[in-house]
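Participant: I would like the entire structure built from these sequences, with the hints used as guidance.
What follows is the residue order along each chain.
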Amino acid sequence: MTVAAINVRDLTKRFRDDVPPAVDGISFTVKRGQVVGLLGGNGAGKTTTISMLLGILIPTAGTIEILGVDMRRDRYAALPRLNFSSPYVDLPSRLTVRENLDVFGGLYGVRDLKTRIGELAELLDLTAFLDRKTGSLSSGQKTRAALAKALINRPELLLLDEPTASLDPDTADRVRGHLEAYARTQGAAILLASHNMAEVERLCADVLMMKAGRIVDRGSPADLIARYGREDMEQVFLDVARGTAQVAAQ
Amino acid sequence: MSGSLTRIGAMTRRHLYLFRSSWTRVFDLVYWPVLQMTIWGFVTVFLNQQSSWFANAAGVLIGAVLLWDVLVRSQFGLTLSLLEEMWSRNLANLFVSPLRPWEFAASLMLLSVTRSMIGVLPAALLAIPLFAYSVFDLGLPLLAFWMMLVMLGWSIGLLIGALLFRFGLAAESYAWASIFIIQPISGVWYPVSVLPEWLKPLAWSLPSTYVFEGMRAVMIDKVFRWDLLAQAFALNLVFMALAFGAFLFAFTRARQRGQLLQSSE
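So the sequences go chain by chain: Z and P. Numbering (my numbering) for the first sequence: 232 to 481. Numbering (my numbering) for the second sequence: 25 to 289.
There's no promise every hint is true.
Said to hold, decoys possible - Selected chain P positions facing chain Z (in silico; Cβ < 8 Å):
no.: 1; residue: Thr30
no.: 2; residue: Ala34
no.: 3; residue: Tyr41
no.: 4; residue: Ser46
no.: 5; residue: Arg113
no.: 6; residue: Asn114
no.: 7; residue: Ala116
no.: 8; residue: Asn117
no.: 9; residue: Phe119
no.: 10; residue: Val120
no.: 11; residue: Pro122
no.: 12; residue: Arg124
no.: 13; residue: Arg279
no.: 14; residue: Leu284
Unchecked claim - Chain Z residues, not near chain P, derived (Cβ > 10 Å throughout):
no.: 15; residue: Asp248
no.: 16; residue: Asn273
no.: 17; residue: Glu296
no.: 18; residue: Asp343
no.: 19; residue: Thr346
no.: 20; residue: Leu354
no.: 21; residue: Leu361
no.: 22; residue: Ser369
no.: 23; residue: Gly418
no.: 24; residue: Thr475
Treat the hints as calculated values from the structure; they're not laboratory data. Predicted model, so just to flag it, every value in this text is computed and none were measured. In this text, a Cβ means the ideal position worked out from N, Cα and C, and glycines have one as well.
Facilitator: The following block contains the structure:
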């Protein structure tokens with residue numbers, strides 16, 4: 232039996248006792264090679280979930296296995312095999328793209344780093360910007376640089392928090408193309424938190440719908456659209472976020 | 025172990041790249057030690073003319089200012105490297121990588137040595153032509169004093185790092201001010217004997233006090249006090265253990281509170 236990329240059981244995060252938990256006993260599995268979307272409104276618990284999967288946030292309860300490794304016991308065995316990108320986290324702006332990739336390549340112990348940086352520069356159209364300071368790049372170029380950092384170690388699992396936020400449609404489309412190609416060619420799993428429903432429909436084979444810290448529904452975009460009697464994921468999202476899901480589903 | 029060295033090396037390169045791209049940062053490191061040394065150098069010249077004691081103990085103030093700057097730059101160097109990661113919102117990137125907290129702390133210590141050398145070395149060299157004083161005349165004891173002060177700088181830097189993990193950038197002012205609280209009782213400019221009796225135990229609880237007393241013993245009495253060095257080292261080990269424990273504890277608490285992703289105020 233193949234080990235899942237992510238296996239989460241009863242995961243809970245409570246920041247304070249006097250407020251509801253940010254993540255409330257969720258369980259899910261992501262298979263290897265699967266691209267899964269994590270959908271929900273602001274405060275639904277997406278970023279909290281991703282932070283716990285990455286190990287930078289300690290859960291209040293529950294278990295997380297990443298690539299077969301128990302993250303509470305031995306997260307350093309899993310960390311070299313995954314990576315992430317988020318608009319809430321920057322690459323050091325005074326370093327050039329090449330320097331940033333060199334540093335993170337070193338942190339991940341990437342062999343033949345120069346070749347890998349060259350490959351990523353070519354893949355993500357970064358060659359012309361490699362020696363420019365990261366802070367001087369446009370939003371689209373910065374996002375591609377962050378994606379290059381996220382791919383530097385050829386991760387088996389990629390966690391992405393709003394990977395195309397603040398990008399123009401053209402750049403966002405290219406980034407989605409890179410992600411599709413990476414998942415397909417490397418057999419990598421991707422967990423993607425996004426507010427962009429077109430992105431989710433295009434990339435994800437499976438979607439987890441979150442609301443108030445819970446997973447309230449799950450299925451492929453086509454299944455969800457059919458189940459809610461809607462035309463696209465945007466409408467499904469609104470049904471779930473506004474609590475009109477049952478009415479629509481009936 | 026080789027993986028750890030690779031990661032520590034990568035973190036060190038990250039900050040060396042930063043120096044290379046920002047000469048203002050390098051200038052900032054050098055500026056204050058040179059300014060302090062110059063002021064105290066002229067004060068020394070004046071006092072030498074007024075007092076036979078100072079004439080006999082030539083350079084004691086310049087030596088003190090240079091060694092004090094080793095301590096200050098060592099602490100600033102460690103804290104500044106951590107602050108650079110917080111300012112650039114890079115902590116989460118670092119800690120989702122295989123970088124262990126102790127490797128991060130080790131790289132901060134290495135950078136602290138680099139920053140303190142960049143800061144203090146030019147001032148020490150400049151004192152030779154300006155005031156005919158070479159701190160290097162202290163010989164091997166200088167190396168011992170330097171190591172003791174760098175270790176204390178690491179301890180204080182790690183404690184401030186713990187505060188930064190706990191309170192975020194709201195604690196930034198502690199990074200610049202905390203070290204100076206120990207200056208009056210470390211016997212930097214005067215011997216501990218001038219302090220009131222009730223303050224002396226506090227003074228002798230600091231490794232820095234043994235270093236500055238030891239420096240005066242070498243410069244004035246021409247004696248190297250091994251006992252002072254041994255006590256400074258023992259205290260430094262205690263300080264380092266406590267500071268490292270606090271740093272790791274604060275790091276774990278930051279992971280519980282979700283502060284590594286949002287490390288602003």
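Participant: Would you say Leu361 of chain Z is clear of chain P, with no C-beta pair closer than or equal to 10 Å?
Facilitator: The assertion about Leu361 of chain Z holds, with a minimum of 13 Å to chain P.
Participant: At a threshold of 8 Å, is the proposed contact between Arg124 of chain P and chain Z supported by beta-carbon distances?
Facilitator: 7 Å, holds
Participant: Non-interface claim for Glu296 of chain Z: all C-beta distances to chain P beyond 10 Å?
Facilitator: 17 Å, holds
Participant: How about Arg279 of chain P: closest beta carbon in chain Z under 8 Å, or not?
Facilitator: At 5 Å from the nearest chain Z Cβ, Arg279 of chain P passes the 8 Å test, so the hint holds.
Participant: Regarding the hint that Ala34 of chain P lies at the interface with chain Z, is the smallest CB-CB distance below 8 Å?
Facilitator: Since chain Z brings a Cβ to about 3 Å from Ala34 of chain P, closer than 8 Å, the hint holds.
Participant: Take a quick look at Ser369 of chain Z and tell me if its Cβ sits farther than 10 Å from every Cβ on chain P, holds or violated.
Facilitator: 18 Å, holds
Participant: Does the claim that Thr346 of chain Z lies outside the interface with chain P hold up, using a Cβ gap greater than 10 Å?
Facilitator: 17 Å, holds
Participant: Using Cβ atoms only, decide whether Asn117 of chain P comes closer than 8 Å to chain Z, and label the hint accordingly.
Facilitator: 5 Å, holds
Participant: With 8 Å as the cut and Cβ atoms as the points, is Tyr41 of chain P at the interface with chain Z?
Facilitator: Holds, because the Cβ-Cβ distance from Tyr41 of chain P to chain Z comes to roughly 4 Å (cut-off 8 Å).
Participant: Are all C-beta atoms of chain P more than 10 Å from that of Asn273 of chain Z?
Facilitator: Its Cβ never comes within 10 Å of chain P, the nearest being 14 Å, so this holds.
Participant: Measuring from the C-beta of Phe119 of chain P to each C-beta in chain Z, is the shortest one below 8 Å?
Facilitator: The hint holds - Phe119 of chain P has a Cβ within 8 Å of chain Z, the shortest such distance being about 5 Å.
Participant: Classify the hint on Asn114 of chain P as holds or violated, based on whether any CB of chain Z lies nearer than 8 Å to its CB.
Facilitator: Because about 5 Å separates Asn114 of chain P from the closest Cβ in chain Z, which is inside the 8 Å limit, the hint holds.
Violated hints: none; the structure is consistent with every hint.
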